[in-house]
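Guided by the hints, dock chain B onto chain A, whose structure is given.
One letter stands for each residue in the lines below.
Protein chains: 2
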Amino acid sequence: MNPTGPLSLSALGSFTIGGRRVQVDGQPTRVVAISRDLPEYLVDPNGTYRIEHAYVQYFLPAEQRRLPVVLVHGGGLTGSCWETTPDGRDGWLQHFLRDGRPVYVVDNVERGRAGWCPLPGMANEERPILRTEEEAWEIFRIGPPDGYAKLDPFAGCLFPVEHLSELSRQQVPRWTTTTSLSVVAIAALAAKVGPCVVIAHSQGGGIAAQAAAERSTDIAALVLLEPHGLPAQSDRLPTMPQLIVAGDFIDLSPPYQSLRRRWLEYLDAAADGGIIHEYFDLPAMGHPGNSHMIMMDSNSEGVASLVGEWIDEVAS
Amino acid sequence: MNPTGPLSLSALGSFTIGGRRVQVDGQPTRVVAISRDLPEYLVDPNGTYRIEHAYVQYFLPAEQRRLPVVLVHGGGLTGSCWETTPDGRDGWLQHFLRDGRPVYVVDNVERGRAGWCPLPGMANEERPILRTEEEAWEIFRIGPPDGYAKLDPFAGCLFPVEHLSELSRQQVPRWTTTTSLSVVAIAALAAKVGPCVVIAHSQGGGIAAQAAAERSTDIAALVLLEPHGLPAQSDRLPTMPQLIVAGDFIDLSPPYQSLRRRWLEYLDAAADGGIIHEYFDLPAMGHPGNSHMIMMDSNSEGVASLVGEWIDEVAS
Chain A
1 MNPTGPLSLS ALGSFTIGGR RVQVDGQPTR VVAISRDLPE YLVDPNGTYR
51 IEHAYVQYFL PAEQRRLPVV LVHGGGLTGS CWETTPDGRD GWLQHFLRDG
101 RPVYVVDNVE RGRAGWCPLP GMANEERPIL RTEEEAWEIF RIGPPDGYAK
151 LDPFAGCLFP VEHLSELSRQ QVPRWTTTTS LSVVAIAALA AKVGPCVVIA
201 HSQGGGIAAQ AAAERSTDIA ALVLLEPHGL PAQSDRLPTM PQLIVAGDFI
251 DLSPPYQSLR RRWLEYLDAA ADGGIIHEYF DLPAMGHPGN SHMIMMDSNS
301 EGVASLVGEW IDEVAS
Chain B
1001 MNPTGPLSLS ALGSFTIGGR RVQVDGQPTR VVAISRDLPE YLVDPNGTYR
1051 IEHAYVQYFL PAEQRRLPVV LVHGGGLTGS CWETTPDGRD GWLQHFLRDG
1101 RPVYVVDNVE RGRAGWCPLP GMANEERPIL RTEEEAWEIF RIGPPDGYAK
1151 LDPFAGCLFP VEHLSELSRQ QVPRWTTTTS LSVVAIAALA AKVGPCVVIA
1201 HSQGGGIAAQ AAAERSTDIA ALVLLEPHGL PAQSDRLPTM PQLIVAGDFI
1251 DLSPPYQSLR RRWLEYLDAA ADGGIIHEYF DLPAMGHPGN SHMIMMDSNS
1301 EGVASLVGEW IDEVAS
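Respectively, the protein sequence lines represent chains A and B.
Taking our numbering, the leading residue of the first sequence gets 1, the next gets one more, and so forth.
Taking our numbering, the leading residue of the second sequence gets 1001, the next gets one more, and so forth.
Extracted from the complex, chain A is given alone in its bound form:
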């Protein structure tokens, strides 16, 4: 496999999935200037909207050799996180496509090309959050807080720090009120695409695991990169084979020490339920240096290969 070689596709395109129709009445009109040719454009917000869907872009390899992969981004990001890495290398989208896997890249509800609903009373009413570069530096475990100003990361960190600003430009506003809508969208997507493998990052991991609990027959395997928001032990658990992938520097980050306890509890519950499960502690496996942005770190191709091998073992 040549990670920069050509890509032969049978098709590429996009669709939306999920969501609902809403009808708005009784709102005032307003006049706006859209362009110099439309200086007094009357906007009437009353009428029909389609909201709360996800956007899905798909890439089908000319020679399909494996199950489709659905890529689910984390909080504050879109499907672009799986494309070109901040330092310009091919991402996991291209990697899994070269493996002969159809790839479905999601912009989940209220992110990216899925749009969001600015109408009063809807899930996007609250003011959204946009992550600062300083917060990304710290919460993505790139380096210590006082290392940001000089882009001085944790020793051995594989995130391409000189391209941190490109990661910042991939950040989009996010709401804290839309998780359950995102779960519905991923469940609907799995039902449409399945049988498939879902690979999900961070907040997307919790969303994917919750969706998988509803669609166990459509999702053949679940790969969770440092997830949060996993189903609790009292919830129904997804039953397909599951892999949690964890990077480095967790001992230096109290929030991730807490999340790691959750990952191990979750996998213990899977073991109790007789569910095939695996934990990739990357540093312990001889792959040190990963930040939270495992698909962007300089060893992203290598980790993708490890993940692909695990998938092929449990869901071929």
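To be clear, the hints were calculated from the coordinates, so they are not data collected in a lab.
There's no promise every hint is true.
[What the hints assert, rightly or not] Simulated coverage check for chain A against chain B, where a stretch passes if three residues somewhere in it have a Cβ under 8 Å from a Cβ of chain B:
1. 37-48
2. 68-74
3. 173-183
4. 248-260
The model shown is predicted, which means the values in this text are computed figures rather than measured ones.
Idealized CB from N, CA, C, for every residue including glycine.
Only chain B this time, still in chain A's reference frame:
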């Protein structure tokens, strides 16, 4: 050329372009619940942001036979408007890729994967507009206002009305305060990609023409699908060959009668300046039935071919 045949790419990926760094200070922190595992997440909005960039996804054909094409969406839409049509056919993205043209699909500033800036005092402070399905029906010249309820379009209209809801799901919030930022982004993209051909729709047409006036050496030809916001006669005009494409039913729509006068005035000014120019009045050319959404109508492949032929005549 087989419009559903395979696509051989040398590469695909994405990057961002333009924008700026801003620093925020003195804003209050707040605690939000991001997931059940992060129920008390402290959000500190103070710090560094990267805003006002565009997102660009690129598809490079294995065999490049022609100049690159940059596709610029209209108001309220994203780059997804050039992908799969609402009724599931390949769009102009795939068409021009099969022509052997590298294709760059833009999500301009504040749209789609480009994100937007929810911070006070920035270009997105005002409440955005989201288009209703009723307004799309009317302003995209699909049918008369009283035809919407029964999806009864203008006689002969080629928009796939039974899939109107898919067009609605492609709509995203848009601001009326970001046009000049979008012009800057397209100019920067042309400088990076050029020499290239820019194909732009509706509001994107005005943005592209304004950008082209600044980057006449990078843009070899300009294709404007029913544009608005074109440079005025007193402005500097772009000097490369230019094509305006107009659909049907304009005589039934007063706003488009006014826009058509602007298109013809603009082309007259181009003629006066010795600029190569063309006007495709599609019905007069024997291609009746186009709505404003020319790239989505059922003859979208045929119109794309006409546009491609014009490009090859003026910029090969």
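Each hint tested on the structure:
1. 37-48: holds (count 8)
2. 68-74: violated (count 0)
3. 173-183: holds (count 3)
4. 248-260: holds (count 3)
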